[in-house]
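Take a look at the letters that make up each chain.
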Amino acid sequence: MSPDALLVAEYLGRALYGGAILLIAIGIYAMVARYNLMRVLLGLALVESGVNLFLVAIGFRPEAAAPIIVGGVTDVPMVDPLPQALVLTAIVIGVGVLALAAALLIRVKETYGTLDTREVAKFLAAEPADAAPAAGTAVAGTPARETVNAGSAS
Amino acid sequence: MIGLLDTLLVLALLTTVGLYVFGANRFAGYIGMAAYAAMTVIVVLVGQTLSGGETAVPSAMAFTVLGYPMTWRIDGLGWFFALLTTGAGFFAAWYMSGEWNEAQPNKRIQHGTLALNVLAMLLLVSSGDFLSLFIGWEIVSWAAFAMMTQLGGPAATAALRYLLYALAGAMALFAGILIVRSATGSFAFEDFAAAVPNLPTATKWVLFVLFTAGFGVKMAIVPFHLWQAPAYSFTPGASSSFLNAVSARMGLFALTLVLIKLMGPALLAGMDIAYTWFDARSALLWLTAITMIVPTYIALMQTDARMLLAWHGIGQGGYMLLGILVGTPLGLAGGLLHTFNYATYQMALMLAVFAVVHRTKTADLDELGGLITRMPFTYITLLMGIIGLAGLPPMNGFVSKWMIYKSLLNTAQPLLLIAAFIGTLGTILSVYKLIHNIFLGQLRLEHREVKEAPLSMLLPMLTLAGIGFVTGWMPGLALSMVDIAQSALGIGLQPHHLGGVDLPNGSLNMLWVVGVLIAAIGVGALIFYFLGNRRWEVSQYDNYAGGHFLSADVRYHFSHEFYPGLARVIGPWYRGWVVKMERGLQTLVAVLGDLSGGVFRFAHTPFYLLVAVSLGLLWVGLFGKI
Amino acid sequence: MHGYGRTTASLLFLAGLVVMLYALFQALPFGAAPMQVGQEIVSRAPGETGAANIVTAILLGYRGFDTLGEVTILFVAATAAGLILSGAGAGDLPKAPGGFILKAAADLLFPFLVVLGAYIILHGHLTPGGGFQGGAIMAAAFFIPLLASPTSPLNHSTAALVEGFAGTAFIVIGLASLMWGEAFLTPFLGKGTLGDLFSAGSLPLLYLAIGLKVGSELAGLMARIVEVGGKS
Amino acid sequence: MLWLVILAVVVMIAAALLTVFLRSYLAAVAAVSVVSLALAVIFALLRAPDVALAEAAVAAGLSGVLLALTVRRTGLWRSDAGDGKK
Amino acid sequence: MTSGANTLVLPIVLPLLGAFLLPLVARFGDGLARALGIVLVVVNIFLGWTLWSAVGTEAAVTALGGFEAPLGIVLYGDRLAALFVAVLAVGALIFWPRAEHGGVKAYTLTLLLVAGGSGLVLSGDLFNIFVFYEIVAVASYGLAASSGDKAGFGAALRYLVLGALGSSLVLIGIGLVYAAAGTLNLADIARLAPEKLSGTTGLAAFLLLVLGFGVKAELFPVNTWVPEVYAAAPMRVTAILAGVVSKLAMVVILRLLVLVFHDPAAISLLMAVAIVTIVAGEFAAYRASDLNRTFAYSSIAQLGLVALALTIPATAGILAAIAVALHHAVVKPAFFVIAAKWRGPLAGLAGGARVAPAAAGLFVLLALSIIGIPPLPGFWAKLVLLGGAFDAGGAYAFAAAVVLAATVVEAAYLFRVVARIWQPAAGAKPAHFAFSDLSPALLLGVILIVATLFVAPIGTALSGAAASAADAGSYVARVLPGRM
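Residue numbers (my numbering), protein chains in the order written: chain H, 1 to 154; chain Z, 155 to 780; chain D, 781 to 1012; chain G, 1013 to 1098; chain X, 1099 to 1582.
Isolated chain H (complex conformation) (with noise of 0.2 angstroms):
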């Protein structure tokens, strides 16, 4: 390879993994300081693509072709087409645990009325004997963790 085209590569990968973490980061953040458990679904889908993006970073490779052969001619050289593979699984389990989220988030939302995870965290910690009744949806005298009737919640 070419200085030049050396050069390049460096960038690129400068370019491409600073990418991949800042995403990672920005992800995290969203995560870890927002209150809104949506705002956490979103932040955890932008983690996902950050690391989607490293994988397929760490397989390129300069001047060389996409793992297709075209023709039947094979001997171009090829980026490793095996972190692609990873990447388009990883993309798929991404979206099957982002859905589960999104019906869990549907059903906190409905039970509780917030979305806020410091209102969701009170709930789950709060001691079995003074468990108290999520946002005023419990009547007094009930026991404050019954079992929510199939479509009868609102």
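Be careful, since some hints might not be right.
When the alpha-carbon atoms are kept at most 20 angstroms apart in a straight line, the in silico DMTMM-like pairs for lysine to aspartate or glutamate are as follows [what the hints assert, rightly or not]: (1) X:K1294 with D:D887; (2) H:K122 with Z:D748; (3) Z:K415 with Z:E208; (4) Z:K605 with Z:E521; (5) H:K122 with X:D1361.
Just so you know, these hints were derived from the structure itself, not from any lab.
These figures come from a predicted structure and were not determined experimentally.
Knowing the structure of chain H, use the given hints to seat chains Z, D, G and X on it.
Just chains Z, D, G and X, lined up with the frame of chain H:
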């Protein structure tokens, strides 16, 4: 091959199962008596084998788990404690065989746990290596817990406290045996005894501290003593007497085994503490001195008869360990003999106190008095018991204490001797409080109809007191048993004869002492009864004081705050620092618990992940190889 | 920790994280990855699997088991979401049907998306794309009508049927080779000519199964989020 | 190509920051989709067409819709409060 | 190839197939679906058993798809894997979900949990392990929320957020390993590790992997989900999660330690984490206010013990880890069975012994075993653990001291409960146990007692499994016969 030891253990096991199954039966006490008597006979047979020249009687029982072999065998030392155990079990069962048994709501638990304790102790004293020693130790601890906790309420609280102490001790012990194994490559006693002189000093110290602390908890050496008195006192009568008489002595057994038999007093004396005059042995000796004094004066302050005696038990343990740690044949014999003697008189005392409790429903020393007229035989038992406890002739306690004092003198330890005397002084004062507040003085109105304890309870009490007298009169009887134990320790035997011991600088012959004493009493009686008998009997209330006639509703029996002057003198010393330490530890655990729990209640849990990753990567950057 | 204190702490730790991760990543050989396994796969994949798209060859051949796990995760997520939402209430969802334009667009898009999805799935071993991408497009095809009229629920039982059979097909194809004494998921049916539609043996079959399964699972998942309460 | 990648990265980071700081959740979800799309462009530039396609179809498309639906379903689309900043 | 190598895939694939078919089968009745699920779990027990007896010291290896080792994915079935396949299936069988907690969907998730867990312990490929880890994780998120309990959703969501972030860390770790070594096959990584992964990159990868897998393995500080989830999930789910699933993540960490990361720095990192985990768990349990949380925290501490055992060098550590893990897998689910009925503050348990003597007695037995009182199995597990620690000396001795101190705290909180149970009831009496409520716990209690009686042969068998699991050389030789 089923040997004597196997028979003994199987019999103990069958007794446990049997008494648990038939424990509610009204003959359970007799079944127990028969079983313990049979066990005692077997133990005596084992003793004959041992005195016949065998070093140990092996058991056929042996397991190998995960490459660790476990064996059981009984040697002289174990035999001595086994005899105490089965004997104490026999008397406890006897006590429980009649009226006491009828009155108890939880007969099955009482009989079952007693048998379980006997079994556990037999297993412990016959352990053949450190692993089986630890297993036996744990079983003994938990069996005692089962016995203590049975009445619930304050008993459960006290038992829980005991349990935590015992478990902390057991964990120290666990660490100790594992260090022994990694240092010597096996759990075997012989390997340890062979390897210990060559171990690094640090290892020796670690082992010494771990074993002393671990076994010392059971012995209730200060500062590990807080649990014992309440735990023993809130246990039902016969069980409590059993615990008082022999349970804590398991710690003594194990300490003797490890410190004297395996490590040896010379080795301990060689472990100097830098910048002080102390070495491992003398430091422990002074700890026992504190154990003799402090609990005895705490006993003085008790208002519950059971607590008073139980606190004495702690102090008496100090005497035994003192004698054993002196390390000469005389001291060892004194310590071991004191163990035997203590078992006889302490059990008699506890049984007598519980007989009083059985009749009057209280053990509060402020609520009793004058029972000598109602329960004279119980009074005699108690009197003989406290003479033994105080270490006065003609009872056996005198002989063993004399031997311990003598061994201290012979090894030039006058300060320890003074400490022992201070302890004895406290003992005498407090046992007087015991007998005065219960039996002397004014009989309370509500106790006027109290009857003497039933025969089923009186007989074991009187028998025990009798044994105490006989072995005080002819200490050679007990000393020949001590011989067997001593022969297993490798320190040498203390020559003795039926009446006591002969030493170059002063001998003791109890045959003479008792003879002179009886003669003197006889002379006194002669003078009293025949030469000038001016006495006549009057009722307690046919009397006057300060110009007023006394009536039954006026309390002139002085029992509350019995030693006010003494309390003022020792009060400033009585700070309860150990109690404060215990509370501090509890608070510390609670605070740490709240801190840990708070970690888990944090609203933003991913934050921890962030912190952990950042700090972890920092650590990787700092310490990882580049 | 409250308010800005936590924000500050988070930022501090994040700054540390960024600096250290950057240092860590910079140490990696960018653009010169060792490619131990990657190079070997590139050189052997055409011969061993007959797939022109090497990523496909990896996804279905070398790492076919990962892919099975992957569709399983979607399945797990769909099942779990169904479980969680089975008792859900109506939420804030407006019940009014979507506008006419959305409806018309949905009707118009439907055949186009289905065909596109099928094409991408079937050419997965030749060109970029495959079961996942095509499946996602198929899912969109079935899902967009749902947006247009939320009251007409997706036919979950059909979706479940497709899903179940597709998943079963994947495993049965894998197990088939097991019966012939080969390892699980060994490709069979011959390799064909590199670059042909009917090449790469059983891989396109697997991709078809994956496409159907992913499509039905994703559609089902989305539909559950949209739908209102109750079991289907 | 370098400049294209840098441009895409910058767009991506900007969109990511918007995700965190936009008050409207629907807009934040849109920003996440933009991140994914920028990522897809980067993947395409990095010779990873399969991944690019998947990122565009699955991550940008489907999960964007999914998140948007969730926002709608939880009622967050009506208000932008509740993020801890009062 | 050892006999049965080809069937290595069956413990993963058959439950998976069943899970795919279950929604279809359920059309003919939920009972049929339930029966099918249970049959498949029983089959898995059988498969685990056959694998155990088929492999001696030589593990069974199969290259999936016929693609040889470093290129394709391999399954590596040694006795350790066989053991956990069987244990997981047994756990799922005993704690098969009730119809009222999710019905067919819960059956499906449980089957998937079994499939994923089996894959987790059998797989010999780093990324494949991640995929199965995700299956297990997602299935447990779903099951955690399946009680319909109010707390369930919030707990599951917080669990999910933490778990997903952890998974991202794992993925970064895998990326680092791949970037350094260029391969994902564990044996291949093991071969290259001394050269490629001994530096900072390897250590950082280890940190990320441990923290990521640590979410499931309940390591501090990523275990904050534990008390919430265990308190809110249905008892049967809690029992499986605490009893078995957490150990599967430990098995992964074990494989990583044995094969790849021998670095003393890595070991000391894990040891520090383990010690903090133990301390935090036991102390938090001391102040916990109800049984469920007490056991949740206690479970954290026990997994800290397992992690500590893993750091102990050579076979002794692995044997200790397996022993502690197995013992905990028997004891803790039984505890949760009791806690499921005795909810609410601890003070309300007074009188429990009168109402439910069997449960109270079982509680004592379990408590004794978990504290480690001879001759119960818990003692032998602790003996191996502490023996190994003292043999290793140095920092391990300190760790052992921490364990011993923590044991006292453990006894304090467990026997405080025992004392409470035996007190006379103050107000409302604690719940009564129907036989069916208690039967899983009784079964586990019987297993415990039987294990006590057969502790010597069990110990020998586990020693064999540990020895072969500790043998990195034979792992590489079996998976990569041509590349040594």
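Earlier hints that do not hold, by number: Hints 1 and 5 are the ones this structure does not satisfy, whereas the remaining hints hold.
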